[in-house]
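> First to last, the sequence lines map onto chains S and V. Numbering-wise, the working numbering puts 50 at position 50 of the first sequence, and it's gapless, one number per residue. Numbering-wise, the working numbering puts 221 at position 221 of the second sequence, and it's gapless, one number per residue.
The set of hints was computed from the structure by calculation and includes no laboratory data. A few of these clues could be false.
To be verified - Derived EDC-like pairs (lysine to aspartate or glutamate); straight-line CA-CA distance at most 20 angstroms: (1) V:K200 with V:D250; (2) S:K38 with S:E156; (3) V:K28 with V:E95; (4) V:K133 with V:E95; (5) S:K85 with S:E69; (6) V:K85 with V:E69; (7) S:K34 with S:E177; (8) V:K133 with S:D157; (9) S:K133 with V:E69; (10) V:K219 with V:E248; (11) V:K176 with S:E156; (12) V:K18 with V:D157; (13) S:K219 with S:D250; (14) V:K133 with S:E156; (15) S:K176 with V:E95; (16) V:K200 with V:D68; (17) V:K85 with V:D64; (18) S:K133 with V:E156.
There are 2 protein chains.
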Amino acid sequence: MLLDKKGFIIDIDGVVGKSKTPIAEGVKAVKKLKEMGKKIIFVSNNSTRSRRILLERLRSFGLDVSEDEILVATYATARFIAREKPGARVFTTGERGLIEELELAGLKLVEYNEAEYLVVGSNRGINFELMTKALRACLRGTRYVATNPDRVFPSEDGPIPGTGMIIGALYWMTGKEPDVIVGKPSKVIMEEALKILGLKASEVAVVGDQIDVDVAAGKAIGAETVLVLTGVTTRENLQQMIERHGLEPDYVLDSLYSIFER
Amino acid sequence: MLLDKKGFIIDIDGVVGKSKTPIAEGVKAVKKLKEMGKKIIFVSNNSTRSRRILLERLRSFGLDVSEDEILVATYATARFIAREKPGARVFTTGERGLIEELELAGLKLVEYNEAEYLVVGSNRGINFELMTKALRACLRGTRYVATNPDRVFPSEDGPIPGTGMIIGALYWMTGKEPDVIVGKPSKVIMEEALKILGLKASEVAVVGDQIDVDVAAGKAIGAETVLVLTGVTTRENLQQMIERHGLEPDYVLDSLYSIFER
Numbered sequence: 001m002l003l004d005k006k007g008f009i010i011d012i013d014g015v016v017g018k019s020k021t022p023i024a025e026g027v028k029a030v031k032k033l034k035e036m037g038k039k040i041i042f043v044s045n046n047s048t049r050s051r052r053i054l055l056e057r058l059r060s061f062g063l064d065v066s067e068d069e070i071l072v073a074t075y076a077t078a079r080f081i082a083r084e085k086p087g088a089r090v091f092t093t094g095e096r097g098l099i100e101e102l103e104l105a106g107l108k109l110v111e112y113n114e115a116e117y118l119v120v121g122s123n124r125g126i127n128f129e130l131m132t133k134a135l136r137a138c139l140r141g142t143r144y145v146a147t148n149p150d151r152v153f154p155s156e157d158g159p160i161p162g163t164g165m166i167i168g169a170l171y172w173m174t175g176k177e178p179d180v181i182v183g184k185p186s187k188v189i190m191e192e193a194l195k196i197l198g199l200k201a202s203e204v205a206v207v208g209d210q211i212d213v214d215v216a217a218g219k220a221i222g223a224e225t226v227l228v229l230t231g232v233t234t235r236e237n238l239q240q241m242i243e244r245h246g247l248e249p250d251y252v253l254d255s256l257y258s259i260f261e262r
Numbered sequence: 001m002l003l004d005k006k007g008f009i010i011d012i013d014g015v016v017g018k019s020k021t022p023i024a025e026g027v028k029a030v031k032k033l034k035e036m037g038k039k040i041i042f043v044s045n046n047s048t049r050s051r052r053i054l055l056e057r058l059r060s061f062g063l064d065v066s067e068d069e070i071l072v073a074t075y076a077t078a079r080f081i082a083r084e085k086p087g088a089r090v091f092t093t094g095e096r097g098l099i100e101e102l103e104l105a106g107l108k109l110v111e112y113n114e115a116e117y118l119v120v121g122s123n124r125g126i127n128f129e130l131m132t133k134a135l136r137a138c139l140r141g142t143r144y145v146a147t148n149p150d151r152v153f154p155s156e157d158g159p160i161p162g163t164g165m166i167i168g169a170l171y172w173m174t175g176k177e178p179d180v181i182v183g184k185p186s187k188v189i190m191e192e193a194l195k196i197l198g199l200k201a202s203e204v205a206v207v208g209d210q211i212d213v214d215v216a217a218g219k220a221i222g223a224e225t226v227l228v229l230t231g232v233t234t235r236e237n238l239q240q241m242i243e244r245h246g247l248e249p250d251y252v253l254d255s256l257y258s259i260f261e262r
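Take the sequences, apply the hints, and build the full model.
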């Protein structure tokens, strides 16, 4: 039973909000889960923002959350590398939000030719020089970690490139893909979420609006998965999405609040 | 017999020069071919420079060439589109050299959402906004022409991204590859070269230092091909290159001057 779970790993966009607008049922449901004493953690593939900024957004939705209840790909990437090689020298394509998290984790930001890690994250200030450095790091065989695999991101005025733009460019030029991808659907960020919650996969449910991202991430750690229809997936395209991605969620709910109506 | 050919389509880098340094045998050979009354045309995949700049480089090697004897991917791209749709509205990722040639060919430079053609060429000033526009043009289904397919370009201080960086990024984000690639090994630029020479494929030889670029381009139009060993391909890696690319040149010469020693 879903409500027997001790913890919930929850996607932000399409579950509790759409960009800057809250989704009422999602927000109400999270409040109720917290009142019931459930542990919750929001997991986001965002590769440019720090936890603080996402926290402010969640609070603007009326959700009372703490830093421990949010796991962003920037932070998860920094934690992953710091655990694999404490104090490692890293070169990143990313912007301020990612750089901050890398530094906070005790990693040393260096030039590409001195780096032990190439960290690829989206950057709205991307340029030819940065791409040249990433290319050369890649060609040197530097261990290559990407914050998240998202190819295109829906912005308010239309689609914009995601971290996948850089991954694709490097792949086309060198034939190399990341050694590690941290963000969903990778299990790296999900295992980090479990660690923070202090729970096992069998004790949590993974909630999201995208089959290939959230449901896939839940399945990657062997947790039960909940697809909500308040975002990308709708009643209309549900069957098509399941077939396209070859993955079936354990539960399909109109909104996260339906969890209480089952 | 090679010297019976009426015309020669010649690669620049690795045949008559290496970056800014002339290759003596190559330069000497081209001079002699011209003295014999052979028609020659240099074909370059360069996507950022105008004909004028390459002309100056060839002249600095001591070669007396005219604008008609040089075909650059920028110019060939402009000619191709202008022939397919005179006066077409185009959006390009490219830089000054490409923009100049597009305008000279009577094409109209417009924003991505008004364009009939997306023209992808390398740009040392590439940025997030330009990539966003290219992404959106691609998603709209705009006819997509790339100047050349080169993934990485050898610069003086190391490898730098070629036009392939943008092609790869767009492919990763949208699943779309160019509708037309103009530069070698595509036959588009080679057919343009034949048109300018006023010759048939059987009347020319195609000369270059790269099997997958120059020899492949020659074979694409059914011309005889000459591989010279003054560039990327050497006596040592020749067999490996032939096997890797599955293409065999008709002639292999130590330098272009060996054409007179056969």
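> What are the numbers of the hints the structure violates, in ascending order?
Structure breaks hints 2, 3, 5, 6, 7, 9, 11, 15 and 17.
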